[in-house]
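Taking the hints as your guide, dock the two standalone chains into a single complex.
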Amino acid sequence: MAHARLSPRQYLILGLVSVCTPLGDSCLSRGMAHLPPITLAHPFPLIAAVFTPWIILGIALLIGYFASYLTALSWADLSFVMPAAGFGNVVIALLSHFWLHETISLERWAGIVLITIGVGFVAQGPSLTEKPAPVAASIQDEVAPQ
Amino acid sequence: MTLPFSALQPGFWAAAAMIAAIVLCSTAGEVLTAAAMKSIGDIDEIRARLGLKGAIRAVVTCPFFFLGVFFLALAFFSLLFSVNHMPVSFVAPASASLTLVTNAIAAKFFLHENVDRRRWSAAVLVCIGVYFLAH
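Those sequence lines, one after another, are chains A and B.
Per my numbering, the first sequence starts with residue 1, numbered consecutively.
Per my numbering, the second sequence starts with residue 1, numbered consecutively.
Isolated chain B, as found in the complex (with noise of 0.2 Å):
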């Protein structure tokens, strides 16, 4: 199975529209699911109070969850469309690295993180480093 890494190539924007597909994806749903876990609070110390059905129901109770658990779903049959069409070892690790980057973007305008200088470097240094990993 080869890759098409050329806009000229045939098939080149099908990949891309899957690549795609999985990172917009995967990245609304996590955002979506940090935002409910953020408005949730520390699971932890919820199991120690409420139990593990108090923690489970504080989780199925928030709308956002929800909301996510539905993009990443889309997400993962996204994937499972793109790894029928193309080798795993170049979808997982190009989806994985350049979610890494968008899900950055998406924590410090969405979720008002404070992604730092040490953030980012970290983000774009696992993002290549998954790259040259896959090859």
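So here's chain A without its partners, still in its complex pose (with noise of 0.2 Å):
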């Protein structure tokens, strides 16, 4: 059975899905700099970057993503899951803020308030789309001569 309002712990979930995402690219993205270029002519050096300790972390953390997202995606619908997934971009800048003292500019403090005011209202909302009963058919057996 789903649940209209969340739980702690599916609110966990969430931030699961949330935080693995931006870490799992970071991961990749730093491994993938230290090769050359690929194209698509000889890609067999896309395969050999899997097996890269950068890119084994980031698949580790994007591993982890998935299975947090198959189980939110079972008790909540895709347009609710994917917004408040969106969240992890914000924690990831005031990380980077208050941990690495990066500086952030006015844009991207833009870019926070518009993600947070974006997750409030979804997270407002039912988090799945209650399909209605099969009322017709209950009817037709009820009404249907003995």
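Fair warning: there could be bad hints in the mix.
What the hints assert, rightly or not - These stretches of chain A come out as covered by chain B in the derived footprint (C-beta under 8 Å, 3 or more residues): (1) 16–30; (2) 82–95; (3) 101–114; (4) 120–129.
Said to hold, decoys possible - Sample of chain A residues facing chain B (criterion: CB under 7 Å; computed from the structure): (5) T71; (6) L73; (7) W75; (8) D77; (9) L78; (10) S79; (11) I117.
FYI, nobody ran anything at the bench for these hints, they're computed from the structure.
If you're wondering where the values come from, they're calculated on a predicted model, not measured in any experiment.
Each residue gets a CB set at the ideal place from its N, CA and C atoms; glycine is no exception.
Printed below as a string of structure tokens:
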């Protein structure tokens, strides 16, 4: 049974969906930056890249993302999970500001505010579309001659 | 590494094709996996009833799941290919923000989700926010 309101555990799973993606992407980027340019004519280095440490870490984080993402999709709509997952960008930006002391421009603060408002919007609503019960079929059963 | 933001600049269509490949593959993959998970039901309840093995069996025996994973794998390799040619600070937010909108459209028409004004507003706000955050 899916729930329209989320439990703390379900919020935690949505948080994992949010945070694992940007961290995984950053690891992939760092891993791919050390490789020579890959072309469609010679795609084999792309397969070899999968076995380098940064790519492995990136893949591990993305597997964590995928497991929590599948769990979230089993009790929430795709159009609910996707905007909520966008909150990860805000988490990474705030971590880089307060932990790594990076400067955040006015444009980025605007982005943070917009994403926060967007996630707030979607989080206020139900997480799952209620499908109507097959009323017509049950009525037909009731009125059918015995 | 400079980015070709005008259609007249060389490399614009290649960049657009790379982003489009990521967006289309990930949208197809996400809609198919969402359909698979909806058909399976609440995975927490399945795990409580049948244990972790039962939950994993329920997921991996669903054909939609594998089709979804296939498209998500295509999206992943498209992303790897793209970040090798363009900066990740452009590729990741551009594909992520466009995917939000295409997912909302696909969720409405293929999954018959109730994408109301609240969800549209959220998708558009997060999409613009991701774009700003990348600059």
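Checked hints:
Closer than 8 Å: that is the beta-carbon criterion, and the stretch 16–30 of chain A has 5 residues meeting it against chain B, so the requirement of 3 holds. For the stretch 82–95 of chain A, the stated coverage by chain B holds: 6 residues have a C-beta nearer than 8 Å to a C-beta of that chain, and at least 3 were required. Interface restraint, the stretch 101–114 of chain A with chain B: holds (8 residues with C-beta to C-beta distance below 8 Å; minimum three). With 5 residues carrying a beta carbon less than 8 Å from a beta carbon of chain B, the stretch 120–129 of chain A meets the three-residue requirement, and the given coverage holds.
The closest approach between the C-beta of T71 of chain A and any C-beta of chain B is roughly 5 Å, which is under the 7 Å cut-off, so the hint is satisfied. For L73 of chain A, the interface hint holds, since its Cβ comes within 7 Å of a Cβ in chain B; the closest pair sits about 4 Å apart. Hint status for W75 of chain A: holds, given a least beta-carbon distance of 5 Å to chain B, under 7 Å. Look at D77 of chain A: its Cβ gets to within about 5 Å of chain B, closer than 7 Å, so that hint holds up.
About 4 Å separates the beta-carbon of L78 of chain A from the nearest beta-carbon of chain B, less than 7 Å, and the hint is met. Hint status for S79 of chain A: holds, given a least beta-carbon distance of 4 Å to chain B, under 7 Å. Using the Cβ-Cβ criterion of 7 Å, the hint placing I117 of chain A at the interface with chain B is satisfied: the shortest such distance is roughly 6 Å.
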